[in-house]
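J.: Chain by chain, the residues:
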Amino acid sequence: MPRYLMSVFGPAERTDFGNYPTKEDMLQAFEDTGAFNDKLQREGYFVFADGLAPADTATVVDGQGDQPVFTDGPYLEAKEHLGGFWVIEAPDLDVALQLAAEGSKACRGRVEVRPFQNADDLQQLIDS
Amino acid sequence: MSSRAVGEAIAAAHRDEWARIVAALARRFDLDTAEDAAAEAFAVAVERWPADGIPPNPGGWLTTTATRKAIDRVRREARREQKYQEAQVLYADDAPSPTGVIDDDRLRLIFTCCHPALAPEARIALTLRMVGGLTVPEIAHAFLVQESAMGRRITRAKAKIKANHVPYRVPSAADLPARLEGVLAVLFLVFNEGYLATGGKSDPIRADLTQQAIRLSRLLHTLLPDDGEVVGLLALMLLTDARRPARISATGELITLGEQDRSLWDRELIEEGHRLVRGRLAAVAAGGPPPGRFQLLAAINAVHTYPQRAGDTDWFQIVTLYDRLTSIDPSPVVALNRAVAVAELDGPEVALALLDGLPLDGYHAFHASRAEMLRRAGRVAEAREAYTRAIALTGNTAEAAYLTRRRDEL
Numbered sequence: 001m002p003r004y005l006m007s008v009f010g011p012a013e014r015t016d017f018g019n020y021p022t023k024e025d026m027l028q029a030f031e032d033t034g035a036f037n038d039k040l041q042r043e044g045y046f047v048f049a050d051g052l053a054p055a056d057t058a059t060v061v062d063g064q065g066d067q068p069v070f071t072d073g074p075y076l077e078a079k080e081h082l083g084g085f086w087v088i089e090a091p092d093l094d095v096a097l098q099l100a101a102e103g104s105k106a107c108r109g110r111v112e113v114r115p116f117q118n119a120d121d122l123q124q125l126i127d128s
Numbered sequence: 001m002s003s004r005a006v007g008e009a010i011a012a013a014h015r016d017e018w019a020r021i022v023a024a025l026a027r028r029f030d031l032d033t034a035e036d037a038a039a040e041a042f043a044v045a046v047e048r049w050p051a052d053g054i055p056p057n058p059g060g061w062l063t064t065t066a067t068r069k070a071i072d073r074v075r076r077e078a079r080r081e082q083k084y085q086e087a088q089v090l091y092a093d094d095a096p097s098p099t100g101v102i103d104d105d106r107l108r109l110i111f112t113c114c115h116p117a118l119a120p121e122a123r124i125a126l127t128l129r130m131v132g133g134l135t136v137p138e139i140a141h142a143f144l145v146q147e148s149a150m151g152r153r154i155t156r157a158k159a160k161i162k163a164n165h166v167p168y169r170v171p172s173a174a175d176l177p178a179r180l181e182g183v184l185a186v187l188f189l190v191f192n193e194g195y196l197a198t199g200g201k202s203d204p205i206r207a208d209l210t211q212q213a214i215r216l217s218r219l220l221h222t223l224l225p226d227d228g229e230v231v232g233l234l235a236l237m238l239l240t241d242a243r244r245p246a247r248i249s250a251t252g253e254l255i256t257l258g259e260q261d262r263s264l265w266d267r268e269l270i271e272e273g274h275r276l277v278r279g280r281l282a283a284v285a286a287g288g289p290p291p292g293r294f295q296l297l298a299a300i301n302a303v304h305t306y307p308q309r310a311g312d313t314d315w316f317q318i319v320t321l322y323d324r325l326t327s328i329d330p331s332p333v334v335a336l337n338r339a340v341a342v343a344e345l346d347g348p349e350v351a352l353a354l355l356d357g358l359p360l361d362g363y364h365a366f367h368a369s370r371a372e373m374l375r376r377a378g379r380v381a382e383a384r385e386a387y388t389r390a391i392a393l394t395g396n397t398a399e400a401a402y403l404t405r406r407r408d409e410l
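Respectively, the protein sequence lines represent chains V and P. Heads up: the first sequence runs through residues 1 to 128, numbered per the UniProt record's numbering. Heads up: the second sequence runs through residues 1 to 410, numbered per the UniProt record's numbering.
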């Protein structure tokens with residue numbers, strides 16, 4: 001079954017309550033997202049999901065040279081960063097988009113849906 | 001066998017059978033394979049039919065040939081880890097699954113090509129290629145895009161469909177209205193690009209595109225005969241296209257509806273359009289769902305095409321229809337068109353007041369309509385300015401010629 005990454009991006013700077021206007025909003029979003037995750041598990045779509053700590057907690061490692069280089073901060077200077085994600089299995093894109101719509105409502109954010117590479121794509125890259 | 005008869009038979013098969021062949025193959029193979037195999041089958045026909053004769057069932061012959069080509073291709077590309085998948089494709093039960101009225105392969109193909117996950121321009125290109133059978137150079141020419149860029153756009157769209165597992169199916173009843181709306185929008189865009197072609201080097205009217213849009217709408221109407229908006233769109237296109245012969249002057253100028261020689265209009269298309277509109281009126285009167293945007297636009301065009309003389313146009317009915325359209329589509333473009341009708345009923349000053357503040361400053365038709373109203377109101381300097389703005393914004397050569405003359409007459 002095809003796998004999709006459903007990712008949620010949010011502003012680089014977070015407010016006191018994550019990206020939510022008030023604490024109540026934040027708690028409600030957590031509850032709704034939890035309920036959505038339960039549904040994904042119950043209906044067999046769930047592979048993995050989690051939220052990420054703020055982007056400024058990231059460290060970039062470049063191990064391509066003789067000595068690894070560590071840089072404070074995220075890989076890209078960007079207005080928005082990945083805030084959390086789901087990995088789901090769904091029979092086709094229409095199902096994935098429907099689930100993404102529910103996830104978006106639950107977490108109060110826009111959701112990017114992107115298929116994982118499959119064996120075919122890899123083989124094509126190797127053959128090219 | 002005369003080469004002329006063979007050429008005609010191949011052209012007819014291409015026109016009538018292309019979508020069916022691609023759609024049948026898309027059930028078993030990916031879109032890329034389906035398209036290439038269909039194209040190869042036609043190439044084989046060009047080679048073989050002159051010697052062997054036209055087969056009794058050209059569509060069946062082409063489908064069989066295309067299927068063999070597709071299987072060859074899968075075999076060629078088959079790799080060890082795909083043997084299982086290959087076996088499935090090659091030995092799948094060949095008997096077509098039962099298809100009801102609505103469950104036509106071509107309908108699935110249309111919905112797949114117009115999937116909301118694709119960018120609008122990709123939907124248009126893909127629909128023209130996969131369902132309409134236009135070549136990539138033809139589509140590139142139609143939309144004034146480099147051939148290579150159009151090729152990439154189509155390839156990317158097909159790759160996205162494949163990577164994302166976009167389903168090849170007619171959407172569920174719950175999703176159908178929203179998805180169908182997107183399909184109708186694609187067809188209408190193709191039609192409009194044909195009817196008022198953009199681009200300084202393009203012909204002002206692209207009959208190939210209007211005809212293609214009508215052909216695809218007819219196909220959709222055959223597949224979804226009970227959908228009011230499909231009927232509406234088809235009727236709208238027929239009633240609009242019927243006026244095409246009267247629309248451009250010998251000197252390449254646009255002729256407005258009021259000034260057209262109505263004897264040049266295609267009566268057959270108008271009759272057919274009126275018949276479709278009457279059918280919808282009866283269906284609504286019998287308690288069917290209220291008319292949507294395309295049905296109302298078709299009704300407006302039916303009123304326009306009814307009288308023998310432009311002076312007999314029932315503007316009151318047209319404004320009434322625009323009022324209904326406004327209630328379901330309160331967009332500024334609808335407000336503009338309604339104001340044009342109001343100008344005929346209540347005079348240019350009333351209509352000009354309606355145009356005030358519409359956010360259409362970048363739209364040529366807004367300035368062209370304002371210019372005509374200002375002219376009628378005797379506000380010459382403002383009219384001249386509005387014509388100049390409209391000329392700068394239109395991409396259509398015939399419209400530019402018409403507006404320039406009107407301005408210079410002031």
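Misleading hints may appear alongside valid ones.
DSS-like mimics (lysine-lysine), calculated; alpha carbons at most 30 Å apart, straight line [claimed, not checked]:
(1) V:LYS39 - V:LYS105
(2) P:LYS69 - V:LYS105
(3) V:LYS79 - V:LYS105
(4) P:LYS69 - V:LYS79
(5) P:LYS160 - P:LYS69
(6) V:LYS23 - P:LYS69
(7) V:LYS23 - V:LYS39
(8) V:LYS105 - V:LYS23
(9) V:LYS23 - P:LYS162
(10) V:LYS79 - V:LYS23
(11) P:LYS69 - P:LYS162
(12) V:LYS39 - P:LYS69
Examples of chain P residues toward chain V, derived with CB under 10 Å [unchecked claim]:
(13) THR64
(14) THR67
(15) ARG68
(16) HIS115
(17) PRO116
(18) ALA117
(19) ALA119
(20) GLU121
(21) LYS160
(22) ILE161
(23) LYS162
(24) HIS165
(25) VAL166
(26) ALA173
Since the hints were made in silico from the structure, they are not lab data. For every residue, glycine included, the Cβ atom is placed at its ideal position computed from N, Cα and C.
J.: Hint by hint, say whether it matches the structure.
T.: Taking the hints in turn, this is what the structure says about them:
no. : hint               : verdict
1   : V:LYS39 - V:LYS105 : 14 Å, holds
2   : P:LYS69 - V:LYS105 : 46 Å, violated
3   : V:LYS79 - V:LYS105 : 22 Å, holds
4   : P:LYS69 - V:LYS79  : 50 Å, violated
5   : P:LYS160 - P:LYS69 : 24 Å, holds
6   : V:LYS23 - P:LYS69  : 62 Å, violated
7   : V:LYS23 - V:LYS39  : 24 Å, holds
8   : V:LYS105 - V:LYS23 : 17 Å, holds
9   : V:LYS23 - P:LYS162 : 42 Å, violated
10  : V:LYS79 - V:LYS23  : 23 Å, holds
11  : P:LYS69 - P:LYS162 : 20 Å, holds
12  : V:LYS39 - P:LYS69  : 45 Å, violated
13  : THR64              : 27 Å, violated
14  : THR67              : 21 Å, violated
15  : ARG68              : 23 Å, violated
16  : HIS115             : 8 Å, holds
17  : PRO116             : 8 Å, holds
18  : ALA117             : 6 Å, holds
19  : ALA119             : 15 Å, violated
20  : GLU121             : 19 Å, violated
21  : LYS160             : 9 Å, holds
22  : ILE161             : 8 Å, holds
23  : LYS162             : 8 Å, holds
24  : HIS165             : 5 Å, holds
25  : VAL166             : 5 Å, holds
26  : ALA173             : 14 Å, violated
In the structure shown, a violation is registered for the earlier hints numbered 2, 4, 6, 9, 12, 13, 14, 15, 19, 20 and 26, in ascending order.
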